[in-house]
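K.L.:
So the chains spell out like this:
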Amino acid sequence: MLEQIIFSILCILSFGFAAKRFLFISRNINLGVDWTPDSTPSEKWKNVIFIAFGQKKMFTKWLPAILHLFIYIAFIFTQIELIEILIDGITGSHRVFLPILGSFYLLIINFIEVLSLLALIGTFVFLARRNLLKIPRFQSVELNGWPALDALIILLAEIVLVSFIFMMNSADVALHQESYQFILSGFLVPLLQDFDTNTLHLLERVGWWGHIIVVFGFIVYLSYSKHLHIIFAFINTYYANTKPRGKIENMPAIMDEVKSLLGISEASNGTDQLPDFGSNDVFNLSWKNILDAYTCTECGRCTEVCPANMTGKKLSPRKIMMDIRDRADEVGKKLDSGDVAFCQDKNMPLSPTNFSDGMSLFSQISPEEIHACTTCNACVEACPVLINPLEPIIKMRRYEILTLSSGPGDWVPLFNSLENNQAAWSMSAERSAWTADMND
Amino acid sequence: MSIQVPVYSTLYNQGISPEILFWVGCAGSFDARAQRVTKAFCTILNKIEVSFAILGEEERCTGDPARRAGNEFLFQMLALQNIQTLNHYGIKKIVTACPHCFNTLKNEYPELGGNYEVIHHTSFLNGLIADGKLKLQGGGSFIGKKITYHDSCYLGRINGIYEAPREILEALDADLVELKRCKSNGLCCGAGGAQMWKEDEPGSGRINQARATEIISSGADIVAANCPFCITMLQDGLSSDPTEKNIMVLDLSELIVQQL
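Going down the list, the sequences are from chains A and B. When we follow our numbering, the leftmost residue of the first sequence carries the number 1, and every step to the right adds one. When we follow our numbering, the leftmost residue of the second sequence carries the number 1, and every step to the right adds one.
No wet-lab data here; the hints were simulated from the structure. Please note: incorrect hints may appear among the correct ones.
Residues of chain A clear of chain B, computed beta-carbon distances all greater than 10 Å [unchecked claim]:
#1 Phe104
#2 Glu266
#3 Ser360
Taking lysine-lysine pairs in the DSBU-like style, the calculated list, with each CA pair at most 30 Å apart, reads [stated by the list, open to error]:
#4 A:Lys243 - B:Lys183
#5 A:Lys61 - B:Lys180
#6 A:Lys346 - A:Lys20
#7 B:Lys92 - A:Lys259
#8 A:Lys61 - A:Lys46
#9 A:Lys259 - A:Lys247
#10 B:Lys180 - A:Lys243
#11 A:Lys334 - A:Lys314
#12 A:Lys57 - B:Lys180
#13 A:Lys46 - B:Lys183
#14 B:Lys180 - A:Lys247
#15 A:Lys314 - B:Lys183
#16 B:Lys198 - A:Lys314
#17 A:Lys247 - B:Lys92
#18 B:Lys180 - A:Lys314
Just so we're clear, the structure is a prediction, and the values are computed from it rather than from any experiment. Ideal Cβ positions, reconstructed from N, Cα and C, are used throughout, including at glycine.
Could you build the full structure based on these sequences and the hints that come with them?
P.N.:
Below is the structure:
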């Protein structure tokens with residue numbers, strides 16, 4: 001009975017805390033401006049099925065894709081066992097599905113055991129890739145500190161989790177030789193042959209509790225970690241844009257302004273005060289940009305293929321996404337603090353529209369980074385979960401040029417010649433001068 | 001054969017509406033190297049006797065570099081004026097030799113009120129070869145040499161055109177060797193996003209030199225390209241490499257023109 005009470009309390013606490021965190025993140029995402037994806041429902045579901053569920057883009061790199069697949073499938077099938085653990089934990093039953101499912105249950109558990117072993121192998125290889133082989137994309141500066149620790153914690157937790165599963169199952173096999181035919185755990189039984197029944201029961205309990213405590217911990221930990229992608233990958237691929245990749249988001253306010261300037265349309269009778277253009281904070285990114293940031297797994301496939309990054313420039317698309325996420329978290333925390341110091345207008349209550357902490361995206365992202373982008377879309381192509389790091393880069397360039405009237409000095413002659421000569425270069429010759437010597 | 005390059009307004013005033021508008025672009029108009037591509041393409045257009053014209057002085061930059069630099073105001077100024085011109089002439093079909101112009105005309109102008117069939121000259125030429133309208137005579141200085149193909153970002157990864165250029169090379173009987181990074185994994189030349197007009201940000205190297213190194217290691221004698229900016233960047237990158245052995249960067253139309 002005591003076990004059931006403790007279990008139920010832990011269950012409520014972990015799920016309750018996770019729910020609170022998800023509300024926090026969801027609010028942070030919604031700090032972004034409204035945005036509607038242009039994809040049709042069938043395109044949306046196609047992306048979810050192939051890209052998220054089917055992990056299609058992972059397979060541009062076979063080895064990590066297969067190892068990741070082991071962990072992913074093991075995770076999905078372990079949910080069956082977790083449902084059972086939840087029921088057992090609350091009702092005090094033991095392997096409640098066994099009498100119901102019979103030999104099919106044995107098949108499921110055996111399958112989960114095989115997957116768990118494969119996941120364990122994957123985990124060890126991943127640890128080696130990060131810490132021994134030192135794959136370059138896992139060594140970038142933006143991973144120093146928490147991101148590297150986060151990756152380590154989750155891999156170690158996976159080892160602990162699988163160890164507890166095998167401890168629980170092998171003790172159960174040793175106790176119930178005739179009915180629990182778990183093949184892989186069976187191999188561990190000889191290690192337990194010297195233990196008496198009480199010790200085996202204790203081992204089974206330690207395995208069971210250890211397993212579920214790691215799971216409860218994971219539920220809480222998830223929202224602080226890049227492992228949020230296990231949920232957000234599905235949401236993000238659902239909302240991903242399917243418009244032509246080369247189409248940069250239009251700015252209707254400027255289009256209308258220019259149309260009236262050119263006399264194409266009636267002058268807009270709106271206010272003379274033009275809004276800030278582009279993005280310098282989460283408030284003027286789209287909510288999808290922020291969702292992208294929270295979805296990021298920090299795998300670095302974007303940064304690995306970025307031509308600016310590979311030639312030593314400071315730009316790293318992964319860092320851009322991480323900085324946006326960290327800024328959204330920071331703004332969220334400050335809003336929740338209710339601290340009047342963050343009010344823009346001290347006489348009004350703190351709110352997303354009345355917020356100023358003297359910081360912005362530019363506090364973390366330097367102009368040097370956004371200026372290095374060639375808009376080559378390699379990062380967009382590389383992302384396994386359809387994050388678009390290019391969009392915020394363009395939006396920050398827009399903020400610089402349109403709102404701050406700054407930007408690279410080299411672009412001033414470009415803009416001048418575009419404005420005065422309608423050409424990218426200022427030439428004294430006419431545009432069609434080349435036709436003169438066509439037949440030379 | 002005298003090569004004609006008619007201007008749209010002249011034909012329009014004579015009541016003639018050419019089948020295609022050849023969008024020359026800033027590079028194709030002003031850059032000495034890109035002008036050679038423009039001329040090669042016009043030579044092909046004359047050869048197949050397709051009715052075409054250029055906008056001449058009425059053509060403006062599409063606005064690609066302005067938009068990508070973040071100067072949306074300038075982009076809109078250029079784009080909306082171009083659209084006024086194009087719509088005035090009732091233009092339906094545009095062919096261009098620049099993937100940046102191609103992308104902006106095709107993907108960005110519709111939302112501003114400019115709807116045209118836009119074709120990159122790579123696809124256009126490949127179509128002509130496939131239809132038998134453009135007959136290749138074989139030969140050319142590139143025969144017997146190894147040719148590699150550089151996927152420009154704006155034609156390849158951004159607009160998904162990977163096969164048309166390779167089909168052209170096959171039709172030309174070129175000895176194609178692929179670069180290590182090709183197709184959707186192609187490496188940028190470093191010019192896009194208005195980088196063409198600015199110095200590199202501080203770093204350990206230049207993108208065009210990184211790409212040049214890959215080209216040299218492929219063992220190719222000629223690089224086929226499809227973008228005036230790539231051609232400039234790659235040739236510069238190759239020239240700066242001391243191990244380089246006179247590798248030529250040529251537009252696909254410059255290869256085709258050798259087999260007319």
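K.L.:
A separate judgement is required for each hint: does it hold in the structure or not?
P.N.:
Consistency of the hints with the structure:
no.	hint	result
1	Phe104	43 Å, holds
2	Glu266	15 Å, holds
3	Ser360	16 Å, holds
4	A:Lys243 - B:Lys183	20 Å, holds
5	A:Lys61 - B:Lys180	15 Å, holds
6	A:Lys346 - A:Lys20	28 Å, holds
7	B:Lys92 - A:Lys259	22 Å, holds
8	A:Lys61 - A:Lys46	21 Å, holds
9	A:Lys259 - A:Lys247	20 Å, holds
10	B:Lys180 - A:Lys243	29 Å, holds
11	A:Lys334 - A:Lys314	29 Å, holds
12	A:Lys57 - B:Lys180	19 Å, holds
13	A:Lys46 - B:Lys183	23 Å, holds
14	B:Lys180 - A:Lys247	28 Å, holds
15	A:Lys314 - B:Lys183	26 Å, holds
16	B:Lys198 - A:Lys314	16 Å, holds
17	A:Lys247 - B:Lys92	20 Å, holds
18	B:Lys180 - A:Lys314	25 Å, holds
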